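The primary structure of each chain is shown beneath.
2 protein chains.
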Amino acid sequence: MAAKSFIDVSPESDFPIQNLPYGVFKPEPASPPRPGVAIGDFVLDLSEISSAGLFSGPLLNGSDCFNQPTLNKFMAMGRPAWKEARATIQKLLSESEPTLRDNASLRQEALIPMSKVEMLVPMTIGDYTDFFSSKHHAKNCGLIFRGPENAINLNWYYIPIAYHGRASSVVISGTDIVRPRGQGPPTPNSPSPYFGPSRKLDFELEMAAVVGPGNELGKPIDVNNASDHIFGLVLMNDWSARDIQGWEYVPLGPFLGKSFGTTISPWIVTLDALEPFACGVPEQDPPPLPYLAEKTSKNYDIQLEVQLKPAGQEPCVVAKSNFNHLYWTVTQQLAHHTINGCNLRPGDLLGTGTISGPEPDSVGCLLEKTWNGQKPLSLNGTSRTFLEDGDEVIITGVCKGNGYNVGFGTCSGKILPSI
Amino acid sequence: MAAKSFIDVSPESDFPIQNLPYGVFKPEPASPPRPGVAIGDFVLDLSEISSAGLFSGPLLNGSDCFNQPTLNKFMAMGRPAWKEARATIQKLLSESEPTLRDNASLRQEALIPMSKVEMLVPMTIGDYTDFFSSKHHAKNCGLIFRGPENAINLNWYYIPIAYHGRASSVVISGTDIVRPRGQGPPTPNSPSPYFGPSRKLDFELEMAAVVGPGNELGKPIDVNNASDHIFGLVLMNDWSARDIQGWEYVPLGPFLGKSFGTTISPWIVTLDALEPFACGVPEQDPPPLPYLAEKTSKNYDIQLEVQLKPAGQEPCVVAKSNFNHLYWTVTQQLAHHTINGCNLRPGDLLGTGTISGPEPDSVGCLLEKTWNGQKPLSLNGTSRTFLEDGDEVIITGVCKGNGYNVGFGTCSGKILPSI
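Chains as they are written, first to last, in the UniProt record's numbering: chain A, 1 to 419; chain D, 1 to 419.
Note that these hints are calculated values from the structure, not bench results. Watch out, some of these pointers could steer you wrong.
The list cannot tell twin chains apart, which means a pair is met if one copy fits it or any two copies do.
Computed cross-link-like contacts, DSBU-like style, restricted to lysine-lysine with a CA-CA straight-line distance of at most 35 Å [said to hold, decoys possible]:
(1) LYS26 / LYS73
(2) LYS219 / LYS309
(3) LYS414 / LYS219
(4) LYS26 / LYS219
(5) LYS139 / LYS116
(6) LYS73 / LYS116
(7) LYS219 / LYS116
(8) LYS219 / LYS375
(9) LYS298 / LYS73
(10) LYS135 / LYS91
(11) LYS91 / LYS4
(12) LYS4 / LYS400
Keep in mind it's a predicted model, so treat the numbers as computed, not measured.
All chains, please: the whole structure from these sequences, using the hints.
Here's what the structure looks like:
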């Protein structure tokens, strides 16, 4: 692997030549969207590289997959095409390769300062699913809502529990989130539900897998082939209105408590870039049923952090967690999702669920952090039980390599008042 | 309104000139899909009518909305365009209008025998939501799963309860359904869940609304404008694996118990065609919160029937219900869906939930009909608790007018064995 690019990349950058995550951007507000790759403080415009004929490998030569407004077509091509693209781009950006380095006019066209571009949701999301795969999160939620007798429901140990989410309201990092209105539960003083702006607005620290080729209806994906169907990972904030969710979710699950907005980070980091950071998984006891038993089970050592920035104040770190706390792996999630024959399509989004760790500082949402509002959180002099208008939530994620980082950029959003 | 077409339409047909439902079809296996309207035993090819310049009204003149492989673009144009199209098509098909009647070559191009065409899912479904709006169904499910103390959860009386469904596996009538595999709950004799083909495969008699223009994220739709966002209705079978659903659904709701397949009928009947069959709704007690309080609440008198046809046998009627049993109206469902700011897009599908009536013969699924398998159903000598391989389920729906019907055609599917 090329270790260094001709482009100067700070050792603290999320986007060295070892990363090369994919996104979709507009270089100017009026430009059509096109795919790009992050390199240091620049975006490499893949439509320009493709038009210049530089994707010359057998799978990508002549393909229009980078002359598209989304990455779905490239995602559908599968791992061999992804590997070919990665090799081509790494070579093109390496310090020893003159093709782009010494071509001033192509550099001018194809390398755009990241600060100037607008990032977009990089794929059409046919369906969005959210799992519930952190044991610590499942346990804390159970303790809060059901008490210690039955904190984790028995099915959780056998099933990567999940629900269908709302694809239409998945937005890109930086999009404001309007505080949702809705019904909250009756209280001892008020036997009818209340209605109004949510009183318990929360974030959820998650990551999400983006599906590659997927499968036909009726044809499940084997758990040991599942990684070939994962294009990469993004950061995700699954904003949640706990009062709305708490009142509506029995018996059919979360609905309006979640569907007002879900934020993802713009850069999809591929499993190839994450491979050096692969690590083991928590022990699964009871052992998974055969269709979920993997020959090799993998998590990734991705350090996650959530900052909360009240309006006009400095951000405070409110959670430090890690992707490696997931009990069910993303490959088990994907295999489970298709075992009934359900078809996944390129660009589908599979959220992990809130990634909480075992320590108090590693819980991934305010519901857990403030124990449903009972223990307010102190932030440089102000305090919070849940999010207030003007609050901004900033999620970051990074793998620490030897002298370089493979990072995800940021996943952020600010709360606007209800209208 | 034109009462009669120059095309012979039997009084028993679902598709007289009073109906004019929209679908998408291929005249030949290799043809590109295009929109059409059903008239008697024919399909009127709207791409031909449009190309002939016969949509001459101010909104549709020059539009390419009928030269599309789906109806999404037409759906997005809203009620004024829908009314203009309906008026144009009704005039064109009326017995007194010579334009099409006397143009043999245009008739040859534009009117295709329904028996020769292949029908497709008529829109790209961005998101599919399923409600739970029949009180009788909610009560029966509660009695079966939770017992009489708390058969209907308190929230049901305030909220049109719903969950997000799976859009990718919505299929058109006539598509075979492969019996899903999955986990079923532990039993007294077996403390671990079982795995295999579902042992409790069921149908659900539903209808679904197809969304028109929809709304931007953060901007709810007022309940009194909600009907302008409903393009029309279809029949729906929300196939359900009760054993998988029962084991997985706590606490996040139905997932793999439903996502293996959902069948819709191909013809979307517009609210304009249904208007003569509008009727009142069941009393809502407690009264709905203000955001759900409609100036006029409407159901439609649509007679629904489910037939079950075991392989090699004649079909038996197993349910007779009516759309007018819905407690929450489709306009309340739509307004509730957006009250938190969630955006609906053209072509989104909103299922009603199983439409059960108060009588034993009017329950809309086998779970209720056989009381979770405890009371087998007799079918001309064979019996059923749940669906067996080879069973075909055929749903029909019709409004009975004075000398004519406004019908939905059929929504059917056959169960294939697990692979």
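How the hints compare with the structure:
Within a single copy, LYS26 and LYS73 get their C-alpha atoms as close as 18 Å, and across copies as close as 25 Å, so both meet the 35 Å cut-off. Taking identical chains as interchangeable, the C-alpha atoms of LYS219 and LYS309 lie at most 35 Å apart only when they sit on different chains, with a minimum of 26 Å there against 46 Å within one chain. With identical chains, the CA atoms of LYS414 and LYS219 are at most 35 Å apart between copies only, with a shortest distance of 17 Å across copies and 41 Å within one. In this assembly of identical chains, LYS26 and LYS219 lie within 35 Å of each other by CA distance solely across copies; the values are 26 Å between and 37 Å within a copy.
In this assembly of identical chains, the alpha carbons of LYS139 and LYS116 never lie at most 35 Å apart, being 44 Å within a copy and 57 Å across copies at closest. In this assembly of identical chains, the alpha carbons of LYS73 and LYS116 lie at most 35 Å apart whether taken from the same copy (26 Å) or from different copies (33 Å). Proximity of LYS219 and LYS116 under a CA criterion of 35 Å is satisfied inter-copy only: 30 Å between copies versus 44 Å inside one chain copy. Taking the closest pair of Cα atoms, LYS219 and LYS375 come within 35 Å of each other only across two copies (33 Å); inside a single copy the shortest separation is 48 Å, beyond that limit.
In the homo-oligomer, the alpha carbons of LYS298 and LYS73 lie at most 35 Å apart inside one protomer (27 Å), although the nearest pairing across protomers, at 44 Å, exceeds that limit. Taking CA atoms no more than 35 Å apart as the test, LYS135 paired with LYS91 passes in neither setting, with 41 Å inside one copy and 63 Å between copies. Within a single copy, LYS91 and LYS4 get their C-alpha atoms as close as 10 Å, which meets the 35 Å cut-off; across copies the closest is 71 Å, which misses it. For a Cα distance limit of 35 Å, the shortest separation of LYS4 from LYS400 inside one copy, 16 Å, qualifies, whereas the shortest one across copies, 75 Å, does not.
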